[in-house]
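Enquirer: Below are the chains, spelled out letter by letter.
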Amino acid sequence: MTDAELLRQFVQNRDQGMELLLRQFTPLLRYVISGVLRDTQDAEDCFSEVSLALWQKLDGFDPEKGSLSAWLTAIARNAAMNHLKARLRREKHQPEEPPGVLTPEQEVLRRERAEQLRDTVANLSDLDRKIFYRRYYYLQPIGQIAAELGLSQRAVEGRLYRLRQRLRQELGGDDA
Amino acid sequence: MTQWDNFDCTLATALSELPPSEETVRDVTPWRTAMDRIILGLCLTCFTLNVWYLQCLLPAVGSLLIYFGFRTLRHGNRWFLYAWYISICKVIVLYIAMIFDATPFADDIPIGWAVLFMAMTFALFSFFHLGLTQAAREVGQAPQRRPALWAVAWYAMLVLMALFVPDIGWLGVIPALIAFVCIIRSMLHIKEDLENWGYAVRAAPVKIGCGRFSILYLSSLLLAVLLTAAASNHIAVPSYEQVLNSPETASIEANLQDLGFPEDLLERLPDEELLRLEDAYFCSVHRNGDKADAGSKKGIKAIRFDTVYVQTAPHTIRVYEFFNFQEDILRSNFRTMTMLEPTRSAQVSDITGGLTWSMDGTAYRSQLPISRQTHESMFFGSSTLPSAIFSYPFFSKERAGYMAYTSYEDDDKNLTCSVLRAYLTTYRNFYPYRKLTTDTFQTDWYAQSYSTFVFLTES
Chain A
1 MTDAELLRQF VQNRDQGMEL LLRQFTPLLR YVISGVLRDT QDAEDCFSEV
51 SLALWQKLDG FDPEKGSLSA WLTAIARNAA MNHLKARLRR EKHQPEEPPG
101 VLTPEQEVLR RERAEQLRDT VANLSDLDRK IFYRRYYYLQ PIGQIAAELG
151 LSQRAVEGRL YRLRQRLRQE LGGDDA
Chain B
177 MTQWDNFDCT LATALSELPP SEETVRDVTP WRTAMDRIIL GLCLTCFTLN
227 VWYLQCLLPA VGSLLIYFGF RTLRHGNRWF LYAWYISICK VIVLYIAMIF
277 DATPFADDIP IGWAVLFMAM TFALFSFFHL GLTQAAREVG QAPQRRPALW
327 AVAWYAMLVL MALFVPDIGW LGVIPALIAF VCIIRSMLHI KEDLENWGYA
377 VRAAPVKIGC GRFSILYLSS LLLAVLLTAA ASNHIAVPSY EQVLNSPETA
427 SIEANLQDLG FPEDLLERLP DEELLRLEDA YFCSVHRNGD KADAGSKKGI
477 KAIRFDTVYV QTAPHTIRVY EFFNFQEDIL RSNFRTMTML EPTRSAQVSD
527 ITGGLTWSMD GTAYRSQLPI SRQTHESMFF GSSTLPSAIF SYPFFSKERA
577 GYMAYTSYED DDKNLTCSVL RAYLTTYRNF YPYRKLTTDT FQTDWYAQSY
627 STFVFLTES
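Protein chains in written order, with the numbering used here: chain A, 1 to 176; chain B, 177 to 635.
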């Protein structure tokens, strides 16, 4: 079923549309979430959160900005990321971070760095870019990256090491 | 993520605002790349292009791609696992077959091998079909396309055509090609259809990456093929250090020189050959055969020819066909054949031959192994002629040799004609191994010949 057909179905009948959407995209959502959250229970909780978020946010999806799968990937990834951060905070007994408010200068700086990162990533080789996104966007473990790309773990580790060195150099270390 | 440092965390956080492109999102699945490899591998292995060694290169690369594809998917379901086993067998069988093709036994490959290879291809397509069907069922899809099953039928059709109508030509090729394109398109569609199932595939870990594996496989195959081809195409001859002719032949040599036998050619003859010329009383010398191109198909002028007729008794002529290779001809390290064609009316006997060369400043010689080969002539049809197949040692210089025979004619006035043909390996015959073809007009080898004659009147 195409994205347009799914959305039309969702508009006509939310329950049925949501069911169809989840049937089609559950493997993708679980794939993205399981890369970030290795704990099965965490992943299951996150999947439920994402399902709920979809119910609430799907009306806001704009097909002209990209495909449904890319949008769902971003939602699932960010939800899993938040879930992971919350878990890490709980483990370290840290209080929940208040939503950060950046000053105008900080905002400009953040945008500049984002641009710089975008340029650097754009200049990576195709394989390096794939590894980079799998590692830092999908947060996949090295074993999974290696298996899916048909590489040995050592090869992926080596490439990631060189990649980090390069990014550190070009982006200016931990302050990036 | 707990083992990450601040830099890693910063990158991961920053990427929340820099999502990957649509293309990258599509590519992040264990399914897509594996299927692409399998489909491309099938394209490369199902057709043969007989140019620029593509008939060897494409199946080797294609088999590897199929192996890599199923290697990733082998944990998907058991049918993909079986397909992976078959792909391993195909990669190994292909490796052995390619090395075998470099040997003289290439044409003697038992029919069982071909049957085995076909059976493996059928099994591969069948397991692929079953794997795709099961994958579709797992995501609740009714399989609407069955490309791998069609591929089985298509391959069966090709086998039947090859067996019963091998000369069908374009009439068979074009429909087969169209059918294959349809099958591949269908496979690409099914790849898209099963994308969701693909996300659930647990890619199997590998110890050696695809790139390194390919380099190891292809480079070792290339090396093995080159070494086997070099060994098969090089026919070693026993070598002896050349010694100066003995005093007992010195007088014969002096006599021959007086008769006009060129000294440089005389030096190539061993004692036992000189002793055959003890009663020589006439010499006819034909030199600078390097300009001769009669019968030379490729005209490479790799060899210089000289012919010397020596009369040793009434009606009896000893004919010497000398040849001298240009030093930089690498081909003469490999199978070289020389073939004599004496006058058809003459009684020919005592056929001998020898090779001379030097290495590290030392002169060597060897006897030529004389045999008989069938020669197809436009004028005289098929005949068996005295010939020798040999190779010069690697890194040798001043490569030369001769073939000689005694010709007897009853007539008092006779025209004795002699031809020496030489066939050199062309590089395209180096691999796969091909038997020597001595049909002047069909030969795919570098062929040169030199013909001379002498008219003698007995008085």
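The hints are simulated quantities; they were obtained by calculation from the structure and are not laboratory data. Worth double-checking, as some hints may not be accurate.
[Stated by the list, open to error] Among the chain B residues that face chain A by a calculated CB cut under 7 Å, a handful are: (1) P206; (2) R208; (3) A282; (4) P286.
[To be verified] Cβ pair distances, simulated, as ranges: (5) A/D45 - B/D181: 52 to 58 Å; (6) A/S48 - B/H365: 30 to 36 Å; (7) A/F61 - B/A295: 48 to 54 Å; (8) B/C185 - A/F61: 26 to 32 Å; (9) B/T189 - A/L52: 50 to 56 Å; (10) B/P381 - A/S48: 56 to 62 Å; (11) B/G537 - A/Y161: 52 to 58 Å; (12) B/E199 - A/T2: 39 to 45 Å; (13) A/Q169 - B/M333: 21 to 27 Å; (14) B/L403 - A/T40: 39 to 45 Å; (15) B/L233 - A/Y161: 55 to 61 Å; (16) A/K85 - B/R388: 43 to 49 Å; (17) A/T40 - B/C185: 55 to 61 Å; (18) B/L403 - A/Y161: 34 to 40 Å.
For every residue, glycine included, the Cβ atom is placed at its ideal position computed from N, Cα and C.
Enquirer: If a hint holds in the structure, say so; if it does not, say that too.
Expert: Structure-based check of each hint:
1. A hinted interface residue such as B/P206 counts as satisfied when its beta carbon comes closer than 7 Å to some beta carbon of chain A; here the least separation is about 4 Å, so the hint holds.
2. Because the beta carbon of B/R208 sits about 10 Å from the nearest beta carbon in chain A, more than 7 Å, this interface hint is broken.
3. Given hint, B/A282 at the interface with chain A, is violated; its Cβ is 33 Å from that chain's nearest Cβ, farther than 7 Å.
4. Hint on B/P286 is violated. Least Cβ distance to chain A is approximately 35 Å, over the 7 Å limit.
5. Range check, A/D45 to B/D181: Cβ separation about 27 Å, and the 52 to 58 Å hint is violated.
6. As the Cβ distance of A/S48 to B/H365 is approximately 33 Å, the hint placing it in 30 to 36 Å holds.
7. Against the hinted window of 48 to 54 Å, the Cβ-Cβ separation of A/F61 and B/A295 comes to about 51 Å, which satisfies the hint.
8. About 29 Å separates the C-beta atoms of B/C185 and A/F61, a value consistent with the hinted range of 26 to 32 Å.
9. Between B/T189 and A/L52 the beta carbons are some 24 Å apart, a value that contradicts the proposed interval 50 to 56 Å.
10. Our hint of 56 to 62 Å for B/P381 and A/S48 is violated, since their Cβ atoms are close to 30 Å apart.
11. Our hint of 52 to 58 Å for B/G537 and A/Y161 holds, since their Cβ atoms are close to 55 Å apart.
12. Taking the beta carbon of each, B/E199 and A/T2 are about 18 Å apart, not inside 39 to 45 Å as hinted.
13. Look at A/Q169 against B/M333: about 59 Å separates their beta carbons, and that is not inside 21 to 27 Å.
14. A C-beta distance of roughly 54 Å is found between B/L403 and A/T40, which places it outside the suggested range of 39 to 45 Å.
15. Range check, B/L233 to A/Y161: Cβ separation about 34 Å, and the 55 to 61 Å hint is violated.
16. Separation of A/K85 from B/R388 is about 37 Å and departs from the stated range, judged on CB atoms against 43 to 49 Å.
17. For the pair A/T40 and B/C185, the supplied restraint of 55 to 61 Å is violated, since their beta-carbon distance comes to about 24 Å.
18. Between B/L403 and A/Y161 the beta carbons are some 38 Å apart, a value that agrees with the proposed interval 34 to 40 Å.
Hints 2, 3, 4, 5, 9, 10, 12, 13, 14, 15, 16 and 17 from the earlier list are contradicted by this structure; the remaining hints agree with it.
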